[in-house]
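Letter by letter, the chains look like this.
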Amino acid sequence: MKNSITVKRATAPRTTALSALAPPAAILTALVITWQVAVTAGGVQPAILPSPQRILQQGWEARTTIWDNTLPTLQETFLGFAVSLTVAWTLAILIDFSPWLRRALVPLLVASQAIPIIAIAPLMIIWFGFGMLPKVIVIALVTFFPVTVGLIDGFNRTDRDAINLLRSMGANRWKQFVYVRLPSALPSFFTALRIGIAYAVTGAIFAEYVGAERGLGIYMAVMKNSFRTDLVLAAVAVTAFVSVCLFLLTYVAERAIIPWHSKERRSWHG
Amino acid sequence: MAEATPPKIELRGIGKSFPLGHGQVRPVLDDIAFSARPGEFVAVIGPSGCGKSTMFNIMAGLETASSGEVLVDGDVVTGQHEHFAYMPQKDLLFPWRSILENTSLGLEVAGETKKTARARAASLFAAFGLSGFEDAHPFELSGGMRQRAALLRTVVQGRDVLLLDEPFGALDSLTRTDMQSWLQGVWSQNAWTAVLITHDIREAIYLADRVVVLSARPASVRLNLTIDLPRPRELSMTTSAEFAGYERTLLATLHEETLSPRGP
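Protein chains in written order, with the UniProt record's numbering: chain R, 1 to 270; chain C, 1 to 264.
If you want the footprint, here are the derived chain C segments under chain R, 3+ residues with CB under 8 angstroms:
no.: 1; region: 60-73
no.: 2; region: 79-90
no.: 3; region: 93-103
Think of the hints as simulated: they come from the structure by calculation, not from any bench. No experiment lies behind these values; they were computed from the predicted model shown. Glycine residues also receive a C-beta, built at the ideal position from the N, C-alpha and C atoms.
Isolated chain C (complex conformation) (with noise of 0.2 angstroms):
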């Protein structure tokens, strides 16, 4: 146990199957095991409908796991919501609330006055590009702007690892990449700790440490793969001979897993 600092977060043979009724079950997650460091970035693709968002509900304690368990710094907390903040596909602001008071959401739910919770999440809001944008409501900004939102929200709340599922999956790609590089950026000057889930193997490589490949349903770890690319990361080196190289062994190993050939 001492002899090394444990992952931030660990997932430990993490199963979940579905009842179907007449005593049968539907296999959805199969032994999922993988960490991650403080402060390093995960990003985690498979097949579609392979059950990554159960992954997730379950990593947040919003499903019951059948079996296995979540370690966070060493320690059991299956079930409990308090360590990961989760940012879902939907931006999910709320239209009666303005932009500050969707941030502050989270802090407010978890018992922060109204006062402390917008002082916090109004101090991120330059880092965010939302400047000026306090007392916006929700429908007012680009979609982009809206992600950013979601996204602040989702990091003041302090929790110790971010859940990001397929956070730019309905931008346009544009806009997608802009906000790539963007959160590229923002990462490198804090010590999150997050686990993404995607569809875009481009946007795992540029965006993470490391890339897990689920295999399709029931979802195993299929590859974990290390991204060695430098930080911070440019948008050339998405040309480079390296990253077209992590992207044929990704799209090689998800092909093996897809019935379809044509890939994610």
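If we strip away everything but chain R, and leave its shape as in the complex, we get (with noise of 0.2 angstroms):
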């Protein structure tokens, strides 16, 4: 009986990179085409509406000025991201133990999102000046929102029975924490993180956008006031790599730190 036991691993038909990327690089290429037609045919103004070439052509010639640009919006975006993460998984964490602190703080943290950032970001710039502060805190602000509900939720979702059972061992409140709470709610932390970080990178351009010294959303502004539209899209197009850059690494990081849970949502699946 003990030496026919075999380990059957799950062996579900994984999805590859490929046959991921191809559906929606299809889409967009014969989006691009029919943009590319639609300007050539119709001989659209390039100050209106440039062609896809010729976004590509002149921001490949500015790609200097570009990256210089990148940088410092992606050090705002990975600065602003830590900053959240640690007020996120601090709050949470706080709110979880104390019954006190969730009647407190929740009600707050659902008005922090009535704040319209669009009318407080440009008061950033009068309070904070034209740095990397006043973008750290809208980046923040627009950010850990979701992450703290995310985890705030991910933590009360563990199961009752798992929390008697720790009980009946002898844990205490920390050790229910540490052995199942904590672990329960990262396949939650990292759906919330998803959410977080796709708003993170348009949050960096709205902030340098209202009044920076460099960084992409400055460098649209400017564009735009010069009628450029086509580096105003180059960069667009750089913003919206870049996201879906960081978008991907969250998977990437989810599979370092929770293996267990996509090896086990694919033997359900199997």
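Using the hints, put the two chains back together into the complex; each one sits in its own frame.
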């Protein structure tokens, strides 16, 4: 009996990177071709709507400038998101341990999302100047909420029976947290992380747009004022590319930190 | 006090009621009393929703009793968890831990070093038919193996009394029969004292030395039936006349208690 047991690994079909990328790439290519044909055939002014080919060409020529403006945006995004994650984890853990703090903080967290960032961002320039700080604050403000809520929700979604099992083993609140609540929350954390990171780059662009020394946001604002629509759109393309890269990075982190999650999910579908 | 060894575990007049508001209460348990000798296997059956799990939670120290006390070796231990190892209905093996890490969890929580905890759990893997699965993850195991791992996690804690809450309830009937006969086997080789909650009358008779039948809510003990079948028990015994006699007695008692005449 013992010898007949063999480990049967889950062998559900795995989606390769290629098969996942091909459909969106095909649609994107079709859209770009339609755009190119429409602009060329219709004789549209480049200042109104440049063709994809022109955007690519002019963007490539301006690559050093665009790169010099991309770096600070990236820096702000990482720094702002790091602040956001620190705040989110601290708040979520405090709230998980203290029912009083939960009652006190959750309504305030929700209210914080009613702040119109579009009105606050210019004030940030007045308060904190043109440097890094106001950008970091704006990014943290727009991204900490989904991450905090995702974490609070994840901690709460821990199986009650699992908590009872840990209590029967003699685990105090802290051990219950470390052994069960924290690992149970990690899958929802990564979902929340993806929502947060999607807002982070646009948050950075927006913060720069209202005033900065360098960065993709201020670059777009300046190019728009010089009627360089092609370079604005080139910067937009770079922004989208950066966002997608960061988004994919969360999957890499997820696989590295909670490898059991995707394996378990695959075995259910398989 | 000194004339006889006290039972390993004893429940005295355990009662529990939940407040409904407006000064009203809903009684769930009413004067539950039974005991188990060292090494005795007691099965508890009763109509659905009669409060069996509440009784277990009180024994495991997870819920407080409204009245009565729990004794282990003659000492009152009501509300203490240290004497009981609890196996819930779901296997609750955590996907982020390997099978070895899952089974040693209780020892780790109790403050053993990871190394000692894992070594002690590992020494039981062969007896539980889990050899070679130390580093596997729960999703790689069949339902029966998961349940054996959950039981290993329970017994390795070395507590006085095992509380098994419908451990085979979620298994298909073939696997369940296998598990019952396997459990009966490991039972004969160990001196575990256990209380098993089950809906399955045949499982209760096959595994237990004594079957306690609870009444409908509020639950009290309706029958305390000694199962006098020799051990080790063979599956063939389940078709014997004695076995059928116990089954009839238990069914009759349960039918009186269940509103639905079809029984559990």
